[in-house]
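So you can see what is in the structure, the chains are spelled out below.
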Amino acid sequence: MKLIEHFDDYKMTPSNSQKHDYLRYRMGRLKHNYWLKSRKSSDTVYIDEYDKFIIDNLNPGKTCYFGSAGYYVEDIVQDLTVIEMHKIVKTFYPRAVIVQNRTEIGYLFPNTFDNFVVVNNRADMWSTLYPNADGIPSITEHFNYYIKSMRPGCNFFYSFRDTQIPNWNRIKVNHYDYFYNFAKDCKDIGLNLQWHSIQFHNGSCSMVENPDTTNGNIKFLFKLEC
Amino acid sequence: MKNIEIVKPSDAYKWAKNFKRIQDKFYDGKYKLRRLQQIEDFVKLNGFSSVYHIEETFLDLDIPKVNDIANSDLILVTHQGYSRYPLVDIIKQIKNWLTTSKHLYFCLNRHYINIDNARLNYDVPDDLQQAITFWLNTELNDCVVVDMSRNYIDLGKNFTWSCPDRHYYIRRVNEVN
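Chains as they are written, first to last, in our numbering: chain A, 0 to 225; chain B, 658 to 834.
For the record, the hints were derived by calculation from the structure and aren't laboratory data.
Accuracy of the hints is not assured; some may be wrong.
Quick list of simulated restraints, FRET-style, between CB atoms [stated by the list, open to error]: (1) A:Cys204 with B:Ala673: 11 to 21 Å; (2) B:Asn703 with A:Cys204: 23 to 33 Å; (3) B:Thr757 with A:Arg25: 36 to 46 Å; (4) A:Asp187 with B:Lys722: 49 to 59 Å.
Derived pair list, reagent style BS3-like, types lysine-lysine, alpha-carbon separation capped at 25 Å [stated by the list, open to error]: (5) B:Lys677 with B:Lys689; (6) A:Lys10 with B:Lys674; (7) B:Lys677 with B:Lys814; (8) B:Lys759 with B:Lys749; (9) B:Lys759 with A:Lys171; (10) B:Lys701 with B:Lys687; (11) A:Lys36 with B:Lys659; (12) B:Lys759 with A:Lys18; (13) A:Lys36 with B:Lys674; (14) A:Lys1 with B:Lys701; (15) A:Lys10 with B:Lys814; (16) A:Lys1 with B:Lys659; (17) A:Lys1 with B:Lys689; (18) B:Lys682 with A:Lys18; (19) A:Lys18 with B:Lys674; (20) B:Lys687 with A:Lys10; (21) A:Lys1 with B:Lys814; (22) A:Lys39 with A:Lys86; (23) A:Lys89 with A:Lys18; (24) B:Lys665 with A:Lys39.
Predicted model only: the values in this text are computed from it and were never measured.
Where is the CB? At the ideal position from N, CA and C, for every residue including glycine.
Okay, chain A solo, but in the shape it has when bound (with noise of 0.2 Å):
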């Protein structure tokens, strides 16, 4: 029996069903639970606040949703375009445009989108918030891909959980500020903050975590400058 630390340290069985894949996928995508029950209903979609937030404030035009399980707002997003990075998606949504790195979309879609919404992306999980030393990814890295794929005037839409950002010191730093301060210096990439929403658990002696799990309780909504 080896004793493993890491991931990588044994090699994952080969994936040989499509069983395995969309088991790994599901686990950690819940918004696609929306898109399966919506697809039981022939008139109505299930959404969430969030969602009802993102789709009240989208720009007229053609809108991006990026490793989010989009296809559930198919329906009610017109000009929708779906990008995931796990093929297994092509196989229940023959339309999703399936990419291997996020260099890959502003070459597929160069300066396209009016709207771009990246929802608790787990591909996102585990960046730093900026470029570091220890060459872990940051999402200002990811956002300037991003930003390739995107119309001046673009709104772009990005929530996360703050419990899956590495290398921050939790018990020292004021989450808030730490969360708010980058949203602010995203203005140096191009990015102008219109709204946020950063919430935390309410201090009562309880076993749950931050608010919203599924969309992540760090909420930010940007326009791109024109």
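Start from chain A and add chain B according to the hints.
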């Protein structure tokens, strides 16, 4: 266009209890998390025979368990929910456990620590891992706190959601038996 119906967001913890068992299926069953072996070795090598295990995610540990906390000689906590307590309540809970049992093996998920953004009235080390240990030592000054964790940058590939990453042995001072 279809009608829109607003629903409450899904429960992120839907998979929690069976998370590790599902994760195990992605491998061929010939590996074991070192952290779990560490717990089993700790119990065995220190001669604990009645472990009250408070768990959330099923870990399938090979340890001698009891169902009554009052009859235990060690309380083992791998339930990540306690990591989501506010700092002050984690300390209260530890003290409460130590009124029942002399020995505590407590696992914390670093990513949940200080869930409500509370401020301490003293400084802590810059490194979160060291800060957690410093905080426990400071708040539990009537206890022996032994940090048995390995330090590393966690980028989500260390099975932290199967078994929390920070491991502490805690007992009250002068209570060794």
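Quick rundown of the hints versus the structure:
no., hint, in the structure
1, A:Cys204 with B:Ala673: 11 to 21 Å, "holds, 19 Å"
2, B:Asn703 with A:Cys204: 23 to 33 Å, "holds, 31 Å"
3, B:Thr757 with A:Arg25: 36 to 46 Å, "holds, 40 Å"
4, A:Asp187 with B:Lys722: 49 to 59 Å, "holds, 55 Å"
5, B:Lys677 with B:Lys689, "holds, 11 Å"
6, A:Lys10 with B:Lys674, "holds, 24 Å"
7, B:Lys677 with B:Lys814, "holds, 13 Å"
8, B:Lys759 with B:Lys749, "holds, 15 Å"
9, B:Lys759 with A:Lys171, "violated, 31 Å"
10, B:Lys701 with B:Lys687, "holds, 22 Å"
11, A:Lys36 with B:Lys659, "holds, 13 Å"
12, B:Lys759 with A:Lys18, "violated, 47 Å"
13, A:Lys36 with B:Lys674, "holds, 23 Å"
14, A:Lys1 with B:Lys701, "holds, 19 Å"
15, A:Lys10 with B:Lys814, "holds, 13 Å"
16, A:Lys1 with B:Lys659, "violated, 53 Å"
17, A:Lys1 with B:Lys689, "holds, 6 Å"
18, B:Lys682 with A:Lys18, "holds, 12 Å"
19, A:Lys18 with B:Lys674, "holds, 20 Å"
20, B:Lys687 with A:Lys10, "holds, 10 Å"
21, A:Lys1 with B:Lys814, "holds, 17 Å"
22, A:Lys39 with A:Lys86, "holds, 23 Å"
23, A:Lys89 with A:Lys18, "holds, 14 Å"
24, B:Lys665 with A:Lys39, "holds, 18 Å"
The structure fails to meet hints 9, 12 and 16 from the earlier list, while all remaining hints are met.
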